[in-house]
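> Here is what each chain is made of, one letter per residue.
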Amino acid sequence: MIDMKSYDVVIAGAGPAGSGAAIAAAKEGLRVLMVEKRQEIGSPKRCGEGLSRSSLERMGLEYDPVWARRPIIGTSVYAPNGKYVRYDGEDLGWVVERKIFDKWLAEKAADAGARVQARTEVSSVLKEDGIVSGVKLSSFGNSWDVKCRILIACDGVESKVSRMAGLNTTLKPTDLVAGFQYEMAGIEIDPDRIELYFGNEVAPGGYVWIFPKGERVANVGIGVRKPFARKTAKEYLDDWIRTKPGLKRGSVLEANSGGVPVGGLMENMVLDNFMAAGDAAHHVNPIHGGGISEAYVGGRIAGEVAAEAIREGDTSAAFLDRYNKRWWDERGKKLEKIFRLRQVAERLNDDELNWLAEYLSGEDLVNFSKSKGFGKLAKLLIKKPRLVTLARKLM
Amino acid sequence: MIKTDPELCLRCGGCVGVCPQDALSLSENGISCSEKCTSCRICVNFCPVGAIELDD
Ligand SMILES: Cc1cc2nc3c(=O)[nH]c(=O)nc-3n(C[C@H](O)[C@H](O)[C@H](O)COP(=O)(O)OP(=O)(O)OC[C@H]3O[C@@H](n4cnc5c(N)ncnc54)[C@H](O)[C@@H]3O)c2cc1C
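Residue numbers (my numbering), protein chains in the order written: chain A, 2 to 396; chain B, 1387 to 1442.
Simulated from the structure, these hints should not be mistaken for laboratory data.
All C-beta atoms, glycine included, are put in the ideal place defined by N, C-alpha and C.
Hints are supplied without guarantee of correctness; some may be wrong.
As the list claims (entries may be wrong) - Only part of the chain A face toward chain B is listed, based on derived beta-carbon distances under 7 Å:
id : residue
1  : Thr175
2  : Ala179
3  : Arg231
4  : Thr233
5  : Ser258
The shape of chain A in the complex, shown without the other chains:
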């Protein structure tokens, strides 16, 4: 139970960003409160649950079988004409159970000394002389004020807490993928590989994914984006599944939807006594929409800077600017480069995607998602007059 009226740090939202921040701040001895408005951390998921090994390494965490549903040993990326590019590895990552994974992280936060409280919402942000000074919480019909020296908004794509604090985090429509997914059972899949399907008919501005969680069970989902999409995400996915004999008679264990920020990286993510991290601050890889590790790392950096600020007795925006700098050095520059790749990819028509699939290897695609190897793509694009200006974006 929340027994104190004031904390060093209050964290709104207990997803990967919140837990990343809570673990980092609590490890440094701060008094930390992390609240989550939903009744169960991690549920219902808004996620395909893909986690690469390199992402887990970036988070600085060790593999734990409690959250791993299925190891992934390969990826197949399909062009619109059905040709695919394969990437094979031994241990590329896992499809995880988010509900367990997010609780596992929150458990680490509690072990580090943070107070974690589900079914408790930050309903407003308190200010003194216009500066953030705490939060109003509501839980089970009660409502009360808690003071804090720093508030970290990790409230996901809704990002209301930042806007209540006075930081504009509103996404542009073109920077928000509309996601829809079924967790399906009794289907025919390759249980060891993740599959991605691209094409302007299949998933304009995004892609379809199959992420296996077992021999015959997988997350089958889609992301689409305006202005390219002409139907809802659900309609695109339903239409696609209907064309797949191995899927269309499958069972549905769960339906999920969600918004994925794939742009809108923010120069400034701080105010006096305030920081934002994770989806709330658009910490997502803009080419594939993966945000678990980005959120955790963004939260971690915010938590570390919070500890430094409190130790040095300066929680002003000028001090917290360290968080901007460190995040941009560690993640932002790479993600910004990948954002440019997204802007190129979304301009390619199906013929061009098919053509590229002839020349790109699985390794190339993996490199692209890590902001590497753009030169090779630029060299290819330059061969087509229509694509020359796009190629320049990559150089």
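Dock chain B with the ligand against chain A, hints included.
Chain B with the ligand only, in chain A's frame:
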């Protein structure tokens, strides 16, 4: 103003993040819309399941 169909809405909150007026909020009961709404349709166009329509 907008209204959401509770049978369709999965309470994902994406529309909240993309509302330029900060007019929407998400609770267990679904999406609520405040007077700040200008009926710009951005949330309608975003919704992954087509749960939102204008309500005037
Ligand atoms: C369809 C879909 C598929 C995806 N697939 C993948 C994938 O395969 N791999 C991957 O890495 N990423 C994926 N992502 C992205 C990933 O899910 C997110 O980037 C990640 O969850 C972001 O973490 P977060 O902690 O910032 O936010 P969240 O995980 O969204 O957590 C934010 C939490 O804050 C809570 N909250 C909100 N407001 C308040 C408040 N006022 N008070 C208290 N609590 C509040 C919310 O209830 C929520 O639990 C996907 C996203 C979607 C939508």
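> None of the hints should be skipped; say for each whether it holds.
Evaluation of the provided hints:
no.: 1; hint: Thr175; verdict: violated (10 Å)
no.: 2; hint: Ala179; verdict: holds (4 Å)
no.: 3; hint: Arg231; verdict: violated (11 Å)
no.: 4; hint: Thr233; verdict: holds (4 Å)
no.: 5; hint: Ser258; verdict: holds (4 Å)
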